[in-house]
Each structure stands twice: as structure tokens, then as C-alpha cells.
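Student: Letter by letter, the chains look like this.
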Amino acid sequence: MNDRVKRLRQLSYDAKPTISAERAELITDFYVENNGKYPVPIMRAKAFYHLCQHKAIYIGADELIVGERGPYPKAVSTYPELTCHTIEDLNILNSRDKTPYIVNEDTKDIYCEKIIPYWQGRSMRDRIFVDLPQEWQDCYQAGMFTEFMEQRAPGHTAMDGKIYNKGLLQFKQEIEEAIASLDYHNDPEATNKLHQLQAMSISCDAAILFAKRHADLAEQMAAKESCEQRQNELLRIAKVCNHVPAYAPRDLWEALQMYWFIHLGCITELNGWDAFSPGHLDQHLNPFYQKGLADNSLTKDRAKELIACFWIKFNNHPAPPKVGVTAQESGTYNDFTNINIGGLDYQGRDGVNDVSYLLLEVVEDIHLLQPGCNIQLSRLNNDHFLKTACRVIRKGYGYPSVFNADAVVAEMVRMGKSIEDARTGGVSGCVETGCFGKEAYVLTGYLNIPKILELTLHNGIDSKSGKRIGLATGEVGLLQTYSQLFTAFKQQLHHIVNIKVRGNQYIERMFARLYPATFMSVIMDDCIKKGKDYNDGGPRYNTTFIQGVGIGSITDSLSAIKTHVYEKKTLDLAKLVSIIDSNFVGNEAVRQMLSNKTPRYGNDNDQADTIMREVFEAFYTEVEGRPNTKGGKYHIDMLPTTCHIYFGSVMGAMPDGRLAGEPLSEGISPVQGADRSGPTAVIKSAGKMDHVRTGGTLLNMSIMPAVVKDDQGITKLAQLIRSYFRMGAHHVQFNVVDKEVLRAAQQSPDQYRDLLVRVAGYSDYFIDLGTDLQNEIISRTSIERM
Amino acid sequence: MTMIKGTIFNIQRYSVNDGPGIRTTVFLKGCPLTCWWCHNPESQSADISLIRYPELCISCGQCKLVCEHPDQCQLCGQCASACPTESRRMVGKQISVDELYQEIAKDILFYEESGGGVTFSGGEPLSQPEFLIAILKRCHEMGIHTVVDTSGFADPKIVKTVAEHTDLWLYDVKHMDSEQHQKLTGVSNKIILENLKQLISDNRQVIIRVPVIPTCNDSEENIRALAEFLLSLPRLTNINILQYHKLAEDKHQRFTMDYRLQNIEEPTEAQMNKIKKVLERYAEKVTIGG
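Chains A and B are the protein sequences, given in the same order.
Quick note on numbering: the first sequence equals residues 1 to 786 in our numbering.
Quick note on numbering: the second sequence equals residues 1 to 290 in our numbering.
Quick caveat, the hints were computed from the structure, so don't treat them as lab data.
It is possible that some hints are incorrect.
To spell it out: a stretch of chain A is covered by chain B in this simulated footprint if at least three of its residues, at any positions, have a beta carbon under 8 Å from a beta carbon of chain B; those stretches are [said to hold, decoys possible]: (1) 667-680; (2) 717-730.
Simulated pairs of lysine-lysine, DSS-like, Cα-Cα distance not exceeding 30 Å [what the hints assert, rightly or not]: (3) K709(A) - K246(B); (4) K93(B) - K597(A); (5) K285(B) - K709(A); (6) K93(B) - K569(A); (7) K597(A) - K64(B); (8) K93(B) - K568(A).
The C-beta atom is built at its ideal place from N, Cα and C for all residues, glycine as well.
Build the full structure now, drawing on both the sequences and the hints.
Tutor: Below, the structure written as C-alpha cells:
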């Protein structure tokens with residue numbers, strides 16, 4: 001890290017997330033003046049143009065890559081058209097213990113005077129909670145599932161390589177051609193397409209204008225700059241911003257700035273989940289890097305500096321503020337940009353190149369909260385690459401996570417994508433598989449699978465609220481066999497998924513009609529060709545996911561019931577239910593028996609793992625292939641973010657011995673502490689899941705730092721990963737941290753401010769996590785020898 | 001299929017200090033030696049035994065409820081299977097070659113990826129020769145790399161047969177002086193050293209393992225004697241010198257066995273390095289730790 005990078009890094013690290021009313025105010029002004037004057041897509045594009053035209057431009061000292069969504073680093077925009085924060089929300093954001101956002105009085109005043117009066121009752125969030133049926137509201141309240149789109153737009157996507165070969169003016173050309181070929185007489189959609197395409201064209205102008213304003217500011221700053229070196233840099237910034245994104249980049253600097261403007265455009269027009277991601281960044285940058293080295297316009301150090309400056313920009317952009325259940329399911333500043341390194345190229349060849357290693361060096365140097373990164377590991381990638389990544393993993397920042405590139409491609413091909421498209425894809429967000437630059441793959445919310453069992457054991461009544469939210473599948477006393485119990489469970493599952501999907505379809509249409517992503521649509525194949533929006537089936541592939549949570553907890557609970565109620569007959573089911581309803585009070589021996597004398601997931605025990613597969617199969621069958629409203633289909637993911645904590649908090653005790661309110665198992669990891677047969681057994685159990693039929697699974701493992709201290713440890717870690725991937729598994733990630741350190745950090749948080757840990761599909765500062773989540777991470781089983 | 005059964009007391013998957021790669025270590029029960037520093041005191045008796053973890057006990061009384069022999073424990077195991085907290089556990093179980101093979105086979109993928117395999121340890125694996133040979137054969141048939149971790153105290157004929165199905169020996173040399181050996185381990189080292197010589201003459205792969213136990217076998221004299229012995233071997237071998245750990249103290253208490261090494265400190269890194277340096281002149285390679 002050179003001095004410039006150190007300064008920028010420190011500035012980014014120290015900046016406090018602050019709510020900026022800038023975007024809210026600009027968008028509100030525009031709506032007050034213009035709403036109803038234009039077709040919706042054009043209205044949205046003009047609003048985006050208005051933002052790009054009027055928002056403050058920031059070029060910080062030392063910066064080489066420029067552009068902020070807010071007026072300055074970590075000044076976070078809000079999206080009142082989607083979620084209109086109340087004054088109470090703002091007060092909570094300002095004062096809450098974990099992940100607060102500073103809200104100053106000016107911001108509150110603007111909200112009071114302008115934002116709230118206009119948007120209250122009109123925002124998407126307000127409408128969802130009014131329009132959706134009561135049964136949906138009841139399930140949502142009970143914590144049966146969460147709803148991703150109640151505060152944020154569909155996002156979850158990443159860029160392919162097209163923006164490195166094509167400027168926005170060329171995209172505009174394509175848009176003009178598409179408009180010219182519209183057939184108004186035979187295509188009933190032609191006028192809608194016209195509006196959509198016009199909107200895309202306006203959005204291109206907006207992004208070009210935004211860049212031009214940076215160029216102008218840089219020139220003005222250069223004129224006043226006394227330091228010659230900085231003056232030259234500012235002039236270079238002006239040159240770069242005058243060129244991209246209008247034209248295709250010509251060198252590494254322009255390539256990075258090109259992506260960054262595209263990124264800012266996507267996260268400014270809407271607050272899509274997972275921000276936006278550059279996809280296979282190493283493969284996109286390598287031609288520019290090699291060209292620069294060849295013509296002596298670039299050195300390795302300069303390249304590293306530019307990439308580091310680029311890296312830090314992501315960290316300047318905390319997630320848009322989340323409140324309510326959404327804050328609980330995803331309680332972090334991390335906005336989940338996730339950069340892919342390595343893997344395959346689009347022709348199926350080894351995609352690792354010099355920039356792959358360069359990125360790993362930058363990751364190791366910078367180690368900020370954002371961006372996240374992962375390695376895509378194919379059979380074709382050599383062990384040197386894997387071990388280099390393992391040495392970064394050893395540092396304990398929680399990244400890079402490791403994905404099986406061959407499985408990722410297989411998952412996409414199974415979902416119906418062409419092999420070439422699949423290979424240009426990878427993962428974004430936490431672990432989600434998608435076709436970069438060609439797909440909307442939208443996660444819609446977590447499903448609390450263990451709570452479906454709880455519902456089954458209470459004949460459809462939510463034991464917390466006493467409300468009926470499920471079906472009357474029979475009093476427990478009538479469930480005479482395990483198979484009857486499992487059938488009742490599947491009926492409840494069907495019922496709850498139906499309710500969830502009905503809500504999803506409604507919200508999906510809402511975004512299609514009211515909140516088109518007219519800028520993102522420009523760069524996503526085949527939105528221009530189809531004349532359709534990203535949120536309305538414009539992309540080549542349109543996938544909707546529901547994410548299952550708590551597979552370990554439900555497996556162990558079903559296994560406990562099967563073993564003790566139906567096989568050993570030491571307990572009858574009604575008795576067991578009354579014991580868990582009283583949270584095992586006075587029944588510690590029963591709790592211990594259930595916990596210790598039950599075959600449990602994570603031990604390579606076929607009896608338990610078969611139950612895991614049956615639950616997986618039930619969930620998969622229930623969700624897979626349902627049509628969404630965009631011509632695409634539903635699939636499943638198995639990941640939790642922080643939702644296993646929230647879902648645990650809405651549940652009573654469970655038959656696996658888990659006490660009321662405690663966290664559920666995380667990702668596809670075993671219940672915390674239930675895995676007692678070592679890491680190979682955990683890997684074998686997790687490997688029995690049919691990963692290729694998902695769009696992503698998440699396995700978390702903890703390792704004591706001592707076991708990877710030398711090369712032998714690194715080699716064994718690499719071998720464990722390779723073994724897991726031979727089973728066709730999707731992903732694994734590692735926390736390399738001493739539990740004693742975590743306990744110390746709980747005691748003296750101030751001394752451990754920069755301690756990063758792996759939470760679910762992302763890293764976070766340990767001290768920023770809620771106490772429940774901190775304890776959950778400490779209770780995960782560690783690999784103690786290697 | 002063979003019906004031979006053996007007694008084992010643990011199967012440890014993901015063993016990484018008992019030979020190359022990722023391994024599964026099978027601990028066979030019963031040992032003719034009684035080393036003072038024994039790390040697995042529960043393994044010495046060939047019989048099944050009961051171990052207690054009083055800190056886990058919640059006084060639920062289940063063990064008393066199911067006990068059919070309150071006056072004289074018959075080691076029937078009823079209390080252990082009834083104990084909900086696993087505060088009582090049986091040490092040792094009978095297992096057939098087939099059953100054991102199924103357990104070993106679970107991690108074949110990891111053995112293949114890492115160049116690992118199975119290790120038989122103990123107790124003393126050579127003290128159940130028929131069973132050991134049968135399971136070694138079975139593993140070899142399936143292409144699994146085999147290691148035997150032994151004290152070497154066994155009939156030379158047994159050693160010879162076992163060697164046919166063993167890819168690598170981890171072979172303990174605890175003391176060079178026969179009398180001292182007798183005192184510390186309960187047996188003479190004569191047959192042990194002879195067996196070792198024979199294995200090396202037969203060109204078997206062997207790693208000699210020397211536990212370094214302060215005040216017992218770390219004297220200069222003993223190290224020198226070891227060096228001379230190494231010199232007398234037909235070829236140079238690899239040596240592991242293993243640092244004594246106090247861990248066993250706790251285990252001995254659970255078994256209400258005398259621990260005769262109280263107040264002995266673990267050897268320092270400097271001491272280990274010194275020994276390493278001396279032995280390096282007489283060995284192919286010396287490593288500290290497994």
C-alpha cells in the first residue's frame with residue numbers, strides 16, 4: 001500500500017455512515033413538478049437525469065477513481081419512492097446500537113417538510129403493507145418469511161464484459177435502431193417498448209452528463225491546484241471522465257472508471273439489493289493490464305494503486321438504511337458487492353490470469369468491509385491459485401469465499417442457460433448464481449423452514465401469537481407415524497409457499513409497472529432488443545429465488561422426533577410438544593437426551609443426512625419451476641444473511657434441544673455444536689445436498705488460526721476445499737479466528753474495531769454485530785487441527 | 001466376508017498428525033506396555049471400560065434407574081446409554097472388519113485428494129494381529145494407503161505379516177536402555193529394536209518416533225545411544241521427535257490411575273531443537289512433531 005492508498009483507506013474506514021437527504025429531496029422535487037406528465041419509464045429516466053444533473057459532485061484529495069452516490073463518502077442516499085422513512089425511523093437509525101446512521105437535524109427537517117408529506121401512503125412500502133392480503137401480513141408478522149422488496153428494489157446482479165468494449169453512445173445507437181424497427185401496426189406492445197427505449201436513451205445521457213460534470217470539476221480544481229503532480233492527476237481525471245462512459249475505455253484507468261460510473265448509475269436510480277458487482281473483474285481488466293505493460297504506459301505498482309483506489313470506492317457506499325424486519329434479516333452496512341476472481345472464461349478455459357493475483361494482493365492490503373470478493377475455483381484452475389487465495393483466507397478477514405466454478409456453471413445450465421452464458425456468469429451477493437450482464441436473478445425473501453415444522457406440531461397455529469396462520473393438518477396426537485408427520489409438514493410448506501409467492505407476484509408487477517430500472521436495462525442483454533425493462537422480463541433470463549433457512553435445525557428436530565417418538569418410543573409426540581412449549585423448563589434431562597442421543601446433521605450420519613435430503617427435496621419440489629410474472633421461473637437458494645438470528649427469535653424451543661429464541665442453524669452449516677465428528681464429516685453431510693439443483697448454498701466453517709499457520713496447513717485447507725467440490729458442492733467460506741479473540745472483542749469492543757469476521761455470505765466488523773449474532777459465531781465449531 | 005471382530009476405542013476422522021495427508025485413525029484397544037506418559041490410558045486395558053465426565057452430570061438419576069448391577073459394576077453399558085448428557089461413556093466397542101471398513105471408507109475422497117489414508121494406532125494395534133491384518137488387507141484391496149502406529153512390541157512373525165499390508169510404519173523408540181525401558185514402559189526394548197531393524201532391512205517404509213519426556217528419556221546419554229543405534233541400521237530413516245504434553249494428566253484422573261509424571265514440565269522448543277540437531281547427522285530427516 002503506498003501513502004495515497006493508505007490515506008484514502010483510512011479516510012474511508014473512519015467516515016461514519018450518514019443519511020443524506022440529497023437524493024430524497026431531488027427526487028421529491030422532480031415528482032412534485034412532473035408526476036403524471038410522462039409515461040412511467042420516461043418519468044423514471046427523467047428523474048434519474050435530474051439526479052445526475054443536480055446532485056453534488058465530489059472529487060476527494062488523492063482520488064484517482066472518482067464519483068460518489070451521495071455528496072461525500074458514506075453519505076447514504078435514501079429512496080423515498082420505495083421506502084419513505086418516518087421521523088421515528090430516522091430517530092431509530094440515528095440512535096440504534098448496531099449499524100446506526102447519523103441523521104442530522106437538517107435532514108429531519110427536509111423529511112418533515114417535504115419528503116414525508118409527499119410520499120407517505122404513496123411509497124411502494126406503504127402500498128405493499130396495505131395491498132397484500134391478510135394471510136400474507138399474518139405470516140410476515142409471525143416470521144414465516146421475509147420480503148426482500150419491501151424496502152429495496154430487485155437487484156442481485158453483476159456486469160459482464162460488454163462495457164469494456166462499448167461506450168454508452170454506442171448503446172444509444174443500438175437503442176435508436178431498436179426504436180426504428182418497432183412495428184406499431186402488428187406489435188401491440190410497440191408503444192410501451194418505445195417509451196421504454198426512449199427512457200433507456202435518456203438514462204444514457206444522464207450517466208454521460210454525470211461523468212462530464214466530474215470532468216468539469218476536475219478541470220476547475222486543476223486550475224486552482226498548486227501541486228503539479230496533483231494538477232496533472234486532476235487533468236487526467238478530467239480526460240478520463242470526458243471519455244467514459246460515453247466511449248469504450250482505452251486503458252486500465254478508464255476501464256475502472258467506466259465500471260464505476262455504471263455502478264453509480266445502477267445504485268442511484270434504485271436501491272437494488274446487493275448494490276451492483278463487476279463480475280469477473282480480473283478477466284475484464286487483464287487485456288488493459290497486459291496492453292499497459294506491453295506499451296510501457298503502466299507498471300504493476302501503478303496498476304495496483306489504481307485498483308486499490310477503485311476498491312476503496314466500494315467501501316464509501318454503505319448499504320441504504322434498512323429498518324424493521326429487513327434490518328434484522330440483513331443487519332449490516334455491507335451492501336454485498338462481491339467480486340469474482342479466477343474460474344473459467346466464456347470458452348470454458350482456465351480464467352486465472354495476472355490480474356487475478358493482483359486482485360488477491362489488493363484484497364489482502366486493503367481489507368475493508370467492502371467490497372467482498374470470492375474465488376471461483378474450477379478443476380482447471382491450478383493449486384497455486386487456490387493456495388494463494390488460502391493464504392489470504394488465513395488472514396481472517398472472511399474473504400475471499402470459495403466457489404466451485406464447475407458447479408456454478410452446471411447450476412445455470414440446469415436452469416436452462418446456454419453454456420457460454422453460464423460461463424460468463426458466476427456469483428454475486430452472498431452466494432447467488434447468475435448470468436452476468438444477462439439475467440435478473442431476484443431473491444425475494446427467506447423462508448423459515450423450522451417454523452413450518454413448529455406450525456405442523458401446533459396444527460397450523462403460530463405458537464407465539466396464537467393466531468392460525470397455517471392449515472389444520474391435525475392435532476399432534478393424531479400423527480401416528482413419521483410419514484404422517486412429514487406429510488403434514490409438506491402440506492404446511494405448500495400453504496406457506498403459496499402465500500409467499502402470491503405476495504411476490506404482486507410486488508414483482510409493482511416494480512415492473514412503477515419502478516423500471518431504465519439505466520440498468522441499457523447494459524443488460526436483451527432489454528434493448530426486447531424493448532423491455534430489467535424489472536419486467538427484459539433480460540435474457542429472469543429468475544426468482546426463495547431462500548431456505550435452518551436446514552440444520554429442522555433436520556435435527558425431525559431426526560429427534562423420528563428417533564425418540566417413532567422409533568425408540570421413549571416420548572409421545574403430544575408430550576414432547578408440551579415440553580418444548582414450556583421451553584424445557586424442568587425437563588433438562590429430556591433436552592439433553594434429544595440433543596445428545598439423536599443422529600444429527602453434520603456428522604456424515606446417513607440417517608440424519610437422509611432427513612436433510614428429504615426436507616431439501618420437499619422445499620425444492622414446492623418452489624422449483626413455479627412461474628414468475630416475467631416469463632421466468634422460481635428456484636431455491638440455501639443462504640441466511642443474518643436471518644437465522646431473526647427467525648430463531650420468533651420461535652419457541654425445538655425438538656433438537658434448541659431453546660426458545662435462540663438462533664437457528666446458519667446456511668447449510670450444522671446446528672452450532674452439533675457436528676462432533678470433525679470437518680470431513682461436516683463436508684460429507686453438506687455434500688449430500690443436491691447443490692446443482694439450487695442457485696446457491698452457503699457453508700460456513702471456522703478454523704483456529706494456528707492450524708493454518710504454515711504451508712502444510714494451507715495445503716490441507718486446499719485439499720479440504722477440493723474434496724468438498726468433488727462432491728459437486730457450491731461454496732464454502734472460512735472464519736479464521738481464535739474464539740478467545742472474539743470473546744475479548746465482546747469485552748472491549750473499542751480495541752477490536754477493525755476485527756472482520758465472516759457472518760454469512762459476507763464479512764462484517766465483529767463489534768457491529770448484535771450480541772446474539774456474536775454469540776452464534778462464537779458457538780460455531782472450529783477446526784482445531786490440520 | 002470375514003467375521004473377525006476387534007476391539008477399538010475410537011475412530012478419529014480428519015487426523016492430520018498420524019502420517020501423510022488427511023487420514024482416519026483407528027485406535028485399537030489393549031496395550032502390553034504401560035508407559036508412564038501414556039496419552040491414551042483408557043486404551044491400555046483390552047477390555048471395555050467406563051469413563052466419567054462429572055462436570056457434565058446434571059444429577060438426573062437416569063443411570064441409577066437403569067442399573068441392574070448396583071452392587072458390582074458389570075460394565076454392561078446400560079448407564080452410559082441412558083445418560084442424556086454423555087457424562088458416562090463406554091470406552092471401547094467390538095467391531096467387525098466390514099463395519100470398520102465402512103467407517104474408514106467414508107473419507108476416501110479426502111484420502112485421494114490429500115495423499116492420505118488410514119492409520120491404525122492404539123493401544124497397540126499389533127496386539128490384535130488377526131483383526132489388524134484382516135482390516136489392513138481389506139483397505140489395501142480398495143487402494144487405501146495404510147499406516148501402523150506401533151510400539152513394536154510384538155512377535156516378529158506378526159510384524160512380518162502385518163508389514164505386507166502396511167505402507168508406512170510409525171514406530172516408537174522410547175528408550176535405548178533396556179532396564180530403563182522396562183521401568184518406564186513395563187517391557188524390555190529388545191524385541192522392539194530387533195523388529196525395527198528387521199523392518200528396515202526388509203526395506204519397509206518407517207518413520208521412527210521418539211517421544212521426548214523430560215527426566216525420563218531426554219538425557220544426552222540416551223540421545224547418544226539412539227544415534228549409535230541409528231548408525232547401526234542398514235539405511236538412514238526419517239525421525240519424528242514428539243514433544244511431551246501434559247494433556248494426559250487429566251485423563252489419568254478420570255481413570256483413577258496414578259500419573260507418575262507429576263511436576264514434569266513440557267520440553268522447550270530449544271531443547272527439542274537441540275535434540276533435532278544431534279539426530280540430524282544420523283537420519284534422513286528429522287522433524288519436530290508428527
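Student: Within a Cα-Cα threshold of 30 Å, do K93(B) and K597(A) meet the stated pairing?
Tutor: Between K93(B) and K597(A) the Cα gap is close to 17 Å, so the pair holds against 30 Å.
Student: Between K93(B) and K569(A), is the straight-line Cα distance small enough, at 30 Å or below?
Tutor: 25 Å, holds
Student: Confirm or reject the coverage of the stretch 667-680 of chain A by chain B under the rule of 3 or more residues with a beta carbon closer than 8 Å to the chain's beta carbons.
Tutor: Contact hint for the stretch 667-680 of chain A vs chain B: holds, 4 residues under 8 Å.
Student: Check the hint pairing K597(A) with K64(B) against an upper bound of 30 Å on the C-alpha distance.
Tutor: Roughly 18 Å separates the two Cα atoms, so the pair holds.
Student: Given the proposed pairing of K709(A) with K246(B), does the C-alpha separation stay at or below 30 Å?
Tutor: Judged against 30 Å, a Cα distance of about 23 Å means the pair holds.
Student: Within 30 Å, alpha carbon to alpha carbon, are K93(B) and K568(A)?
Tutor: At roughly 22 Å apart (the allowed maximum being 30 Å), K568(A) and K93(B) satisfy the hint.
Student: Are the Cα positions of K285(B) and K709(A) separated by 30 Å at most?
Tutor: 22 Å, holds
Student: Establish whether the coverage given for the stretch 717-730 of chain A by chain B is satisfied; the threshold is a Cβ-Cβ distance below 8 Å, and no fewer than three residues must meet it.
Tutor: holds (count 6)
The structure agrees with every numbered hint stated previously.
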